[in-house]
Amino acid sequence: MAHTLHSHSREIDALIERQIRNWEIARQQKLEAETRVTRPVEEFVAISRNAGLPVEEINELLHARLGWPVFDKDLLQAMSGNDSVRQRLYATMDERDLSWLEECLRAIGMDRHESRNDYFHRLREAVLSLARKSHAIFIGRAADLILPKGVGLRVRLTASHDYCVRRHATDKGVSITAAEQEIDALEHDRAKFVQHHFGIEANEPTRYDLAINMERFTARQAVDIILAALRLHGVEA
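Counting the sequence shown from 1 gives a position; our numbering is that position plus 213.
Among the hints, erroneous ones may be present.
Stated by the list, open to error - FRET-style restraints, in silico, Cβ to Cβ: (1) His374 with Glu308: 26 to 34 Å; (2) Pro267 with His446: 33 to 41 Å; (3) Ala320 with Pro418: 20 to 28 Å; (4) Glu428 with Glu273: 34 to 42 Å; (5) Val387 with Pro253: 37 to 45 Å; (6) Glu269 with Ala320: 33 to 41 Å; (7) Ala441 with Glu269: 17 to 25 Å; (8) Gly294 with Phe411: 20 to 28 Å; (9) Glu315 with Asp397: 20 to 28 Å; (10) Glu230 with Asp307: 18 to 26 Å.
Unchecked claim - List of simulated lysine-lysine pairs, DSS-like, C-alpha gap at most 30 Å: (11) Lys286 with Lys405; (12) Lys362 with Lys286; (13) Lys286 with Lys385; (14) Lys405 with Lys362; (15) Lys385 with Lys405.
It is worth saying that the hints were derived from the structure and are not from the lab. Ideal Cβ positions, reconstructed from N, Cα and C, are used throughout, including at glycine.
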């Protein structure tokens with residue numbers, strides 16, 4: 214188990230390192246071309262889902278079709294908790310980017326230099342910085358509520374409670390009873406997180422631009438729907 218966790222940690226570190234190098238290259242190209250940011254953040258896809266619904270295949274397909282990096286729970290948690298990684302991210306941002314970030318944080322009553330001891334503040338800071346730097350696919354962590362309105366596509370993957378319980382039981386190799394208990398606990402924690410930090414119900418439907426019933430569509434079909442919605446937003450997909 215320890216070896217598996219260590220390997221997973223090294224894999225996350227390698228993904229973060231690769232993305233930071235991409236940002237550094239993009240920053241140099243941006244400086245050479247003297248391009249200007251015309252919107253607060255780049256276009257993104259923020260995916261939320263019912264507990265128990267698998268999302269890995271959708272992540273892989275979206276990444277393959279769009280070429281955008283995927284930031285899931287593990288990556289966002291690693292980046293939010295690592296000061297050196299965040300400092301390297303800031304190093305790829307120019308003064309205009311940093312001024313925008315500072316303005317966003319001040320608007321919600323926090324300061325970039327005073328947030329390092331609060332996980333949620335670090336998470337918000339990291340998500341905003343990532344979206345400012347490049348197109349991205351965010352999985353969970355309430356990224357849809359953190360990011361600016363009017364940009365990006367917010368997607369909810371949903372299904373009935375019974376379906377989610379059965380999928381979770383199959384995927385994790387646990388009993389239906391255990392799966393139901395785990396899902397109920399996850400949903401409770403998510404609802405508490407959203408209510409505490411954003412003051413809304415976690416299942417508020419107006420959070421999302423698009424909801425997809427995963428009992429009716431395959432992962433590949435769900436990705437086709439997401440890409441069609443992006444095209445309607447003017448994003449080449």
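Verification of the supplied hints:
For the pair His374 and Glu308, the beta carbons lie near 49 Å from each other, so the given range of 26 to 34 Å is not met. Between Pro267 and His446 the beta carbon distance is about 26 Å. The supplied range of 33 to 41 Å is therefore violated. In this structure, Ala320 and Pro418 meet the distance hint of 20 to 28 Å, their C-beta atoms being roughly 26 Å apart. Between Glu428 and Glu273, the C-beta spacing of about 21 Å breaks the proposed range 34 to 42 Å.
Here the CB-CB span from Val387 to Pro253 is close to 42 Å, well matched to the stated 37 to 45 Å. Under the hint 33 to 41 Å, the C-beta atoms of Glu269 and Ala320, about 35 Å apart, fit the expected range. Against the hinted window of 17 to 25 Å, the Cβ-Cβ separation of Ala441 and Glu269 comes to about 22 Å, which satisfies the hint. At roughly 21 Å, the beta carbons of Gly294 and Phe411 sit within the given window of 20 to 28 Å.
A beta carbon spacing of about 40 Å between Glu315 and Asp397 contradicts the range 20 to 28 Å that was offered as a hint. At about 21 Å, the CB distance of Glu230 to Asp307 agrees with the hint of 18 to 26 Å. Proposed proximity of Lys286 and Lys405 is supported: the alpha carbons are some 17 Å apart, at most 30 Å. In summary, the hint linking Lys362 to Lys286 is supported, as the alpha carbons are separated by about 22 Å, within the 30 Å threshold.
About 18 Å separates the Cα atoms of Lys286 and Lys385, which keeps this hinted pair within 30 Å; it holds. Between Lys405 and Lys362 the CA atoms are separated by roughly 22 Å; this keeps the pair inside 30 Å, and the hint holds. Distance hint between Lys385 and Lys405 is fulfilled; the C-alpha atoms sit about 24 Å from each other, no more than 30 Å.
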